[in-house]
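J.: Residue numbers (the numbering used here), protein chains in the order written: chain U, 1 to 347; chain C, 1 to 163.
Worth double-checking, as some hints may not be accurate.
[Unchecked claim] Label pairs and their computed distance ranges (CB to CB):
no.: 1; chain 1: C; residue 1: Arg22; chain 2: U; residue 2: Arg171; range: 18 to 26 Å
no.: 2; chain 1: U; residue 1: Leu57; chain 2: C; residue 2: Leu158; range: 49 to 57 Å
no.: 3; chain 1: C; residue 1: Glu84; chain 2: U; residue 2: Lys10; range: 18 to 26 Å
no.: 4; chain 1: U; residue 1: Leu15; chain 2: C; residue 2: Ala83; range: 43 to 51 Å
no.: 5; chain 1: U; residue 1: Arg184; chain 2: C; residue 2: Asp78; range: 20 to 28 Å
no.: 6; chain 1: U; residue 1: Val332; chain 2: C; residue 2: Leu46; range: 41 to 49 Å
no.: 7; chain 1: C; residue 1: Ala48; chain 2: U; residue 2: Lys10; range: 18 to 26 Å
no.: 8; chain 1: C; residue 1: Ala48; chain 2: U; residue 2: Leu57; range: 36 to 44 Å
no.: 9; chain 1: C; residue 1: Arg33; chain 2: U; residue 2: Thr50; range: 15 to 23 Å
[Said to hold, decoys possible] Example chain C residues on the side facing chain U (calculated, C-beta under 10 Å, incomplete):
no.: 10; residue: Cys23
no.: 11; residue: Pro25
no.: 12; residue: Arg55
no.: 13; residue: Ala83
no.: 14; residue: Gly109
no.: 15; residue: Glu111
no.: 16; residue: Ser118
Hints were generated in silico from the structure; no laboratory data involved. These numbers were taken from a predicted model, which means no experiment stands behind them. Virtual Cβ for every residue (Gly too), placed ideally from N, Cα, C.
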Amino acid sequence: MPDGSHRYIKIFFFLLLLTAAGFFVYTIGEIVRLLIIAALLAYILDPIATGLESRGLNRLGATAIVFLGIGVALYMLASFVMPALVREIQNLQASGSMSQTSVIVSDLEKFINQKLVFLGMQEIDLAAKIEEAKRGVSEQLLGQLVTGVVPFVTQAVAIPFIIFFLLKDGRGMMKTLLSMVPNRYFEFSLNLIYKMDLHLGAYLRGQFLDALIFGILSTLAMWILNVKYFFFVGVFAGLANLIPYVGPLAGGALACVITVLTTGDLSRVLYVVLAFAGAKLVDDSIVQPLVVAKSVDMHPLVVLIVVIVGGQFFGIMGMLLSVPFAGFAKVVIEESGRMIRRYKLAL
Amino acid sequence: MDFFWGISKKEKKEGGTRELLRCIPLFEQLTDRQLAAVERILHERLYAPGEEIFREGEPGVAVYFIQSGSVLIKMGRDKKVLAELHEGEFFGELALLDDSPRSASAIAGSESKIFAFSQPDLFAMIERNPRLGIQIVLSLARIIGDRLKRINEQLLELTKERA
């Protein structure tokens, strides 16, 4: 058989295997989701455990201390933050009669009916629609908090369990995997894993730290501006910041909507927008250059597609994890390509 | 779970690896406890006669210690044999410093059991256990320094002979 067709058959089988693997991953989506979350968190926590090891602790002790720290943080989150968050969402649901907001909304309706007749929106009932949307959002959020208790408990047990073993035995697991690699590819695999670890670790830790700092900045800015539910807005903005381009806009938009709905004062929106722009400026010019690895830059269009696909298959969590996961895939593909060229390996 | 735990148990049972490490100049100054830490991160590889361990021109990433068998170091297109190494000897140590291309190929001369100690593992060790990491790096510097001295002496002799 000629060499060319032999190669095509290999590529065909490789693609077939990839599709089968993709289908398998999709069908066991929940487990994969848990594993991805746990692996990402283990990656972020690994330098802390390594730092403790360098102070003389063994790996088990270092992992145990990291977990103790997480336990304290979770306890504080459960005792102080969660009740505040639930209270804020309940308030959002309860805040029904806002005269100023009603005036703004009815003015807007009048304007649409008189000046924008060509849009064909005469029958629009903005006030009812806003009320409906607001109730929908808050009920959904509370519903998630209440009905999501069982899966939450499952995750709360499974994720730390996986993280613990990945942190404690990750190196041993990697060594076992490497022992299965054929001799010809041993040095190649060692080098590839090392380079991937280098880029990936910097990227994931950078993303996490950036989201955390942006969340804190947004919370502070909203608190200073006396925006109601400032904590909820800050947490949302921090998490949304994991999604480049779209995330910060979503955080700002939520803050603006909440400001209008709670105060009915359109002029305050300007301050909120300025505060978010300021926070983003600080994030872009100071935080990101310091903490985010630029080697995993992705084209905005790729980010958008990845976020849509992630949302389609795994919901909100999928949207949040899609960008770090795409960053991971990009590093794997790029480094593999570079290594294959350096080692002159034939496919 | 034996899949994961198996390795460490097996390593503890094997006394030969520790003895091998003790003979390697890179580790001769280490204590028993430090040797155990090195032993845990070594990769055990088995090679058939004629099998390539690494190829000339490829980026290097690990130093190898021969536990049993023999290794031929070959160079150039004609694969000229530069050296034949045996049990207790090591090769490829420059890969611990950078991933520049290998200057020669290493091929198993007979059925061989070889341990690999990689640059990423050394870097990770420096981070986790700086005292041990620095001791290994110092030994490596000493080995390379000695080799440089020998080469200088040989060069001096050659120059004298020509003069």
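J.: Could you run down the list of hints and mark each one as holding or not?
T.: These are the hints, each one checked on the structure:
1. Taking 18 to 26 Å as the suggested C-beta distance range, the pair C/Arg22 and U/Arg171 conforms, at roughly 24 Å.
2. With their beta carbons about 53 Å apart, U/Leu57 and C/Leu158 fall inside the hinted range of 49 to 57 Å.
3. About 37 Å separates the C-beta atoms of C/Glu84 and U/Lys10, a value inconsistent with the hinted range of 18 to 26 Å.
4. Against the hinted window of 43 to 51 Å, the Cβ-Cβ separation of U/Leu15 and C/Ala83 comes to about 45 Å, which satisfies the hint.
5. For U/Arg184 paired with C/Asp78, a C-beta distance near 22 Å keeps the hint of 20 to 28 Å intact.
6. At about 28 Å, the CB distance of U/Val332 to C/Leu46 disagrees with the hint of 41 to 49 Å.
7. A beta carbon spacing of about 24 Å between C/Ala48 and U/Lys10 agrees with the range 18 to 26 Å that was offered as a hint.
8. Taking 36 to 44 Å as the suggested C-beta distance range, the pair C/Ala48 and U/Leu57 conforms, at roughly 42 Å.
9. Between C/Arg33 and U/Thr50 the C-beta distance comes to about 19 Å, which sits within the given range of 15 to 23 Å.
10. Checking C/Cys23 against chain U by beta carbon gives a least distance of about 23 Å; that is not within 10 Å, so the hint is violated.
11. At a threshold of 10 Å, the smallest CB-CB gap from C/Pro25 to chain U is about 23 Å, leaving the interface hint violated.
12. Annotation: interface hint on C/Arg55 holds; nearest CB of chain U at approximately 8 Å, less than 10 Å.
13. With 10 Å as the threshold, the beta carbon of C/Ala83 stays out of range of chain U, its nearest partner Cβ sitting at about 20 Å, so the hint is violated.
14. Proximity of C/Gly109 to chain U is violated relative to the hint, the smallest CB-CB distance being about 15 Å (cut-off 10 Å).
15. For C/Glu111, the interface hint is violated, since its Cβ never comes within 10 Å of a Cβ in chain U; the closest pair sits about 13 Å apart.
16. Proximity of C/Ser118 to chain U holds as hinted, the smallest CB-CB distance being about 5 Å (cut-off 10 Å).
This entry does not satisfy hints 3, 6, 10, 11, 13, 14 and 15, going by the numbered hints stated previously.
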